[in-house]
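Counting in this note's numbering, the sequence shown runs from 5 upward without gaps.
In short, the hints are calculated from the structure, not lab data. Just so you know, these numbers come straight off a predicted model, no measurement behind them. A portion of the hints provided could be inaccurate.
Claimed, not checked - Estimated spans, in silico, between C-beta atoms of each pair:
| # | residue 1 | residue 2 | range |
| --- | --- | --- | --- |
| 1 | ASP265 | ALA590 | 45 to 53 Å |
| 2 | VAL415 | SER201 | 56 to 64 Å |
| 3 | ILE35 | SER416 | 22 to 30 Å |
| 4 | THR358 | ASP553 | 56 to 64 Å |
| 5 | SER201 | ASP265 | 25 to 33 Å |
| 6 | VAL585 | THR508 | 43 to 51 Å |
| 7 | ASP349 | ASP382 | 12 to 20 Å |
Claimed, not checked - Straight-line distance between alpha carbons at most 30 Å, and here's what the computed DSS-like set of lysine-lysine pairs gives:
| # | residue 1 | residue 2 |
| --- | --- | --- |
| 8 | LYS663 | LYS387 |
| 9 | LYS387 | LYS402 |
| 10 | LYS402 | LYS663 |
Using N, Cα and C, we set each Cβ at its ideal position, and we do this for glycine too.
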Amino acid sequence: MRWQTGTLIGAVVLFYFQPAKGVLPSYQRQITTPPVTDSAGSVPYPFLGGIDSPKDALVDVDNDGDFDLFLLRLDGQLNFFRNTGTPSIFNYMLEKQNLIDTSVGTWFRFADINGDGKKDLFCDNGAAGIRYYQNTTVNLSQTPTFSLNSSAFQGIFTEFNNIPAFVDIDNDADLDFFSGRQVGSLSFYRNDGTVFSPNLVHITDTYDNLSTLETAPPCTANTVSFPPPETFWRSRLESQTSSALQKNQSGHGANNIDFADIDADGDYDFFWGDINNINMYYFKNEGNSSASNLVKTSNCYLPIDNPGFNTPAFGDLDADGDKDMVVGAANIGIVRDNLIYLRNDGNASTANFTVVTKNFLRDIDVGGFAYPQLVDIDGDCDKDLITGSSVGRLFFFKNVGSVPNPVYQLVSTNFGGITLGGLSPVAIPTFADIDADGDFDLFLGKDNGTVSFYRNIGTPQSPLFSLITNKYLNLQFDTNPIFAFADIDRDVDLDLFTGEWKFTGSANVRFYRNEGTPQSDAFTFEISQVIPAATRIQTIPTLVDYDSDSDLDLFIGNHPQGTIQLFRNDGTPDTFSFTPVAGDYAGIDVGSWAAPIFPDIDGDGDYDLLVGTEEGGVFFYRNTAAVSLLKGDVNLDGILTSADVVALLNSTFLGFCFKAPFNAGDLNCDGILTGSDVVKILNLVFLGIPGGC
Numbered sequence: 005m006r007w008q009t010g011t012l013i014g015a016v017v018l019f020y021f022q023p024a025k026g027v028l029p030s031y032q033r034q035i036t037t038p039p040v041t042d043s044a045g046s047v048p049y050p051f052l053g054g055i056d057s058p059k060d061a062l063v064d065v066d067n068d069g070d071f072d073l074f075l076l077r078l079d080g081q082l083n084f085f086r087n088t089g090t091p092s093i094f095n096y097m098l099e100k101q102n103l104i105d106t107s108v109g110t111w112f113r114f115a116d117i118n119g120d121g122k123k124d125l126f127c128d129n130g131a132a133g134i135r136y137y138q139n140t141t142v143n144l145s146q147t148p149t150f151s152l153n154s155s156a157f158q159g160i161f162t163e164f165n166n167i168p169a170f171v172d173i174d175n176d177a178d179l180d181f182f183s184g185r186q187v188g189s190l191s192f193y194r195n196d197g198t199v200f201s202p203n204l205v206h207i208t209d210t211y212d213n214l215s216t217l218e219t220a221p222p223c224t225a226n227t228v229s230f231p232p233p234e235t236f237w238r239s240r241l242e243s244q245t246s247s248a249l250q251k252n253q254s255g256h257g258a259n260n261i262d263f264a265d266i267d268a269d270g271d272y273d274f275f276w277g278d279i280n281n282i283n284m285y286y287f288k289n290e291g292n293s294s295a296s297n298l299v300k301t302s303n304c305y306l307p308i309d310n311p312g313f314n315t316p317a318f319g320d321l322d323a324d325g326d327k328d329m330v331v332g333a334a335n336i337g338i339v340r341d342n343l344i345y346l347r348n349d350g351n352a353s354t355a356n357f358t359v360v361t362k363n364f365l366r367d368i369d370v371g372g373f374a375y376p377q378l379v380d381i382d383g384d385c386d387k388d389l390i391t392g393s394s395v396g397r398l399f400f401f402k403n404v405g406s407v408p409n410p411v412y413q414l415v416s417t418n419f420g421g422i423t424l425g426g427l428s429p430v431a432i433p434t435f436a437d438i439d440a441d442g443d444f445d446l447f448l449g450k451d452n453g454t455v456s457f458y459r460n461i462g463t464p465q466s467p468l469f470s471l472i473t474n475k476y477l478n479l480q481f482d483t484n485p486i487f488a489f490a491d492i493d494r495d496v497d498l499d500l501f502t503g504e505w506k507f508t509g510s511a512n513v514r515f516y517r518n519e520g521t522p523q524s525d526a527f528t529f530e531i532s533q534v535i536p537a538a539t540r541i542q543t544i545p546t547l548v549d550y551d552s553d554s555d556l557d558l559f560i561g562n563h564p565q566g567t568i569q570l571f572r573n574d575g576t577p578d579t580f581s582f583t584p585v586a587g588d589y590a591g592i593d594v595g596s597w598a599a600p601i602f603p604d605i606d607g608d609g610d611y612d613l614l615v616g617t618e619e620g621g622v623f624f625y626r627n628t629a630a631v632s633l634l635k636g637d638v639n640l641d642g643i644l645t646s647a648d649v650v651a652l653l654n655s656t657f658l659g660f661c662f663k664a665p666f667n668a669g670d671l672n673c674d675g676i677l678t679g680s681d682v683v684k685i686l687n688l689v690f691l692g693i694p695g696g697c
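Construct the complete structure from the given sequences, taking the supplied hints into account.
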């Protein structure tokens, strides 16, 4: 039996060590590490945070001859990926998470509006108008910088959530402006100024008599095979169902427009992605470079149907002389893979698009509302990653690395064989050894407001979950209950804190004291409002002694905010008293749903931070604060004795786990446990000879 047996709190809550007192966390966000692999190989951006409803652009912002990538997230953050490859072989690296350090709203565009050779930024001003940020970058090899020039650029009205376009449609060397209207027509503003000083004059709202009105669903030749909604965002906040979405395959509404000379005839053709079209409209320019004549040629230009509101970005990504596409499916919360790379396998005059991948920026993405847990589910002494999702299943990433150097491999998208049904089957897991038998049991919060309890009737190495009840403790919430277990009163059993969703916006945290034993729980409801009342739709609790004062502090992840709030425990280890700490914890904001946990992901003795996001991914923040560990004290009793020697021998040669952080046993700091560490602890304990690192 491994060490977890009889060590209830260490096994369950996972926070079984104490960093040096007074050492507070210092976080550094990391996106490419720890490594993650899936069936397609190495995942390049594992902790990007998920991608849902993406809006994208390909722009050579540094004028180096290749296309950089910009990605607008649901929370309005504009991510900048620099192309560090070549014009023929792209390689995108995230350089800036929030390009202008504020939300760009629902859309963005780049255009050199003042003729200085640098791409300026235009975006939503929140009032159906345009914010204009001038590009102030001095060295184009550095991260681009922008300065707000106008919050209502030239008084232009774009309608809400419509993505406009700048293009020189009349070949007079300056940029004109177009905006799609939700009635299906096209507004045109001619630039009567110059390339250096624009003057956009409204000409018409019915440019070229263009219309996206339909009398029959488009793309009837294509098979509509996309899955039904997989998050409660659409069904709950937009009150749409799968069948309603399928009926809404034609028509007009919020839209994205773009121009590209797709047939190399010297004029600009036109593309319209509509929120109510599962494909994309194509208008061929039958005019010329000076006088357009946009004629609808196809309702289904893309070779693939998807959730709709398609946002095409054109660019020659392989330097073969024709235009490729990266398309974002900007309808919310339908599929996991929704940033599509379409390679043009035709030529400059005749496009022929092939779907290369529907997951252009591969990361951990479980669809939506990721709820991560880090737990040693297979008893091999390192922690595996299991995350809940909006698709009603648990995703299991096995740790195939080591304690100090984890590598997570996706081995199952249906861990435990548990699949929730319904329109919005969000699965929210919590693992705890509720019966003190040395393995982890599972509590699963569900969209119907109840929690299912699955007892682990397997072993610490081979879990087997058996459903005991679909309504644990007979608890009922509005929806999406979240459990957090902790021994808050030091009586060696697990107490329970519950997070909740409240439609009224008054979500709080409830507390249930365990009056039973480690082997047999008996929860008694004690407090209905653990934290001060505030406007919250969802509370997502977790507990950890972040300040090393021997009591557990409370962290609350928020929704619809994507922030975390700290409630410091100013009581005692036996009697909690939570005091709110002003501001967002560590300045973290992951969008509109923050599901935090604080594991020691690298075994160095401090608390790192993982945060699940609404977009279905995970943010990782490594704790870089220096901590002091008593080398050799692997049983955490504060002294060095023969018991530590025995524990390290068992771990090194028999595979048993010890209680302390990995670094306490790795005396020579080589990242593995070997006979060398055993020799050093023998010398340290029995001869007093210091050694190691």
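Evaluated hints:
| no. | hint | in the structure |
| --- | --- | --- |
| 1 | ASP265 <-> ALA590: 45 to 53 Å | holds, 47 Å |
| 2 | VAL415 <-> SER201: 56 to 64 Å | holds, 59 Å |
| 3 | ILE35 <-> SER416: 22 to 30 Å | holds, 24 Å |
| 4 | THR358 <-> ASP553: 56 to 64 Å | holds, 59 Å |
| 5 | SER201 <-> ASP265: 25 to 33 Å | holds, 26 Å |
| 6 | VAL585 <-> THR508: 43 to 51 Å | violated, 25 Å |
| 7 | ASP349 <-> ASP382: 12 to 20 Å | violated, 44 Å |
| 8 | LYS663 <-> LYS387 | holds, 13 Å |
| 9 | LYS387 <-> LYS402 | holds, 8 Å |
| 10 | LYS402 <-> LYS663 | holds, 21 Å |
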